[in-house]
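Q: Chains as they are written, first to last, in the working numbering: chain H, 30 to 310; chain U, 15 to 187.
Read the hints as simulated data drawn from the structure, not as lab findings.
Predicted model, so just to flag it, every value in this text is computed and none were measured.
C-beta: ideal position from N, C-alpha, C; glycine also.
There could be a bad hint or two in this list.
As the list claims (entries may be wrong) - Over 12 Å on every C-beta distance to chain H, these chain U residues come out as not near it, computed from the model:
(1) 26
(2) 44
(3) 95
(4) 115
Claimed, not checked - Covered stretches of chain U (in silico footprint by chain H; criterion: 3 or more residues with CB under 8 Å from a CB of chain H, positions within the stretch not fixed):
(5) 47-55
(6) 62-70
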Amino acid sequence: MFLKNYRTVILVGAIIAATLILLSYNLMYDTGTSVLKNMALEAATPFQKVFNLSVSNVKSAWKRYIHLVGLEDENRKLKSKMAALQEELILYKEGNLETQRLKKLLSLQDTYPHRFIAARVIGKELSVISKTLWIDKGKTHGLEPGMPVLVSPGLIGRLTDVSWHSSKVLLLIDENSNVDVLIQRTRVQGIARGAGSRGCVVRYVPKIQDVREGDVVVTSGLSNIFPKGLLVGKVSYVNRLDAGLFSKIHVAPFADLASVEEVMVLAAEQQERDRREMKEE
Amino acid sequence: MIYYILLPFAAILLVVLQTTLADIFFSGWLTLELSLVAVIYAGFRLDLVKGITLACVMGFAFDCLYGATLGLFTLFYLLIFLMVFFVSLRVASEKLYIIFFVSLICSLMESLALVLLYAFVFNFDLSDDVLLVSVLQALLTSVLSVGFFYVMSKTEGLKYGKTIQTPQRTWTG
Chain H
30 MFLKNYRTVI LVGAIIAATL ILLSYNLMYD TGTSVLKNMA LEAATPFQKV FNLSVSNVKS
90 AWKRYIHLVG LEDENRKLKS KMAALQEELI LYKEGNLETQ RLKKLLSLQD TYPHRFIAAR
150 VIGKELSVIS KTLWIDKGKT HGLEPGMPVL VSPGLIGRLT DVSWHSSKVL LLIDENSNVD
210 VLIQRTRVQG IARGAGSRGC VVRYVPKIQD VREGDVVVTS GLSNIFPKGL LVGKVSYVNR
270 LDAGLFSKIH VAPFADLASV EEVMVLAAEQ QERDRREMKE E
Chain U
15 MIYYILLPFA AILLVVLQTT LADIFFSGWL TLELSLVAVI YAGFRLDLVK GITLACVMGF
75 AFDCLYGATL GLFTLFYLLI FLMVFFVSLR VASEKLYIIF FVSLICSLME SLALVLLYAF
135 VFNFDLSDDV LLVSVLQALL TSVLSVGFFY VMSKTEGLKY GKTIQTPQRT WTG
């Protein structure tokens, strides 16, 4: 009768007591993993895997979405950065090319025993009537009209108009340019006159003289304008078919005149003149 | 019978779900105690035997999967269930604000019990760490409880045509 009346109380009390005993036992002995716990964990594993997979997929999708949201902005930033880097790269390339050109120019000093003045090309005129360069050095730098102008590997022209801080260079290919030259192999002399896009034409070489395509043409040093032995170009074509005593020898200059950016002015004569003036004093 | 067979699996599923959700939404610093909500719901709606079973199984699953000392949450959930059960005999459980306050008190009591247990048994003061978290967690549990009760009352309304009336329940079930 007592048990029937207080059945619920006894049940609740018993369960609470059992739970307390379970807790106390675990607190006292710290059993760690038990069979029941292992079973619960084992049963939970598939659920956890499924949830974890779903969460991973959702997280991944979310990250992709966030990534896409930021992608445009990032793309814009990267493009701007790329443009800046390209500019920088161009500058570096330019510097590298300039260094190479200057090295070539400086190598002239080793080839020819003269004093050189380096100058930068600030203007270029390669029209039909005039083939000249405009350089950034003038009288104040020791330049004078007539001084030979070179780029690696040889002569490209001479100074014509020289102001205080700039000068004009008459190129070899200008129709007004005449240079005393000789064929290096056979020592045959002639006068190289500018022929525009065809380079130069060496005149006054008798047809009987031995001149072949590929022969190197150098300055003869007879005119006292150009020192002897400066490279001018290479014979590209020998025309002996025309009437007359002389053959027309076409010479292609060594230097690419269209892409010249720095030049060296040969100032040896000035140096010598200075020395002479000093001696006279 | 099916209730007692499925209950352990449902409990495990619920604990795993709440752990996962807490990890997603709060990065684990706040526990989303859906199991406590279920226990409170059981306290208001189920009979004594079913409710005690649910509280014990839910608590045990929580202990096992949460890594707590075995029996700790089993005891807490059991006591909470009994408290809610006796409260439900006296108050109208249809009122959502009552659900809210009961849930709030239950959650705070659980946190307090945890702090006291750690202080007396392990000689470890948790009060500084638990204070803010327990308040937030209690509020969250209360809101969840209200939402859960609302949804369940609608479901019950659809299923039975009316909600279960608290005054009809006796403490013997």
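Q: Give a verdict on every hint.
A: How the hints compare with the structure:
The Cβ of residue 26 of chain U does not lie farther than 12 Å from every Cβ of chain H; its closest approach is about 5 Å, which violates its non-interface assignment. Every C-beta of chain H lies more than 12 Å from that of residue 44 of chain U, the closest at about 17 Å, which supports listing it as non-interface. For residue 95 of chain U, the condition that its CB be more than 12 Å from all CB atoms of chain H is violated, with the nearest at approximately 10 Å. The beta carbon of residue 115 of chain U is kept farther than 12 Å from every beta carbon of chain H, the shortest such distance being approximately 24 Å.
Here's how the segment 47-55 of chain U fares: 0 of its residues keep a CB closer than 8 Å to some CB of chain H, so the rule of at least three is not met and the hint is violated. Counting residues of the segment 62-70 of chain U whose C-beta sits closer than 8 Å to any C-beta of chain H gives 4, which meets the bar of three, so the coverage hint holds.
In terms of the numbered hints stated before, the structure departs from hints 1, 3 and 5, listed from lowest to highest.
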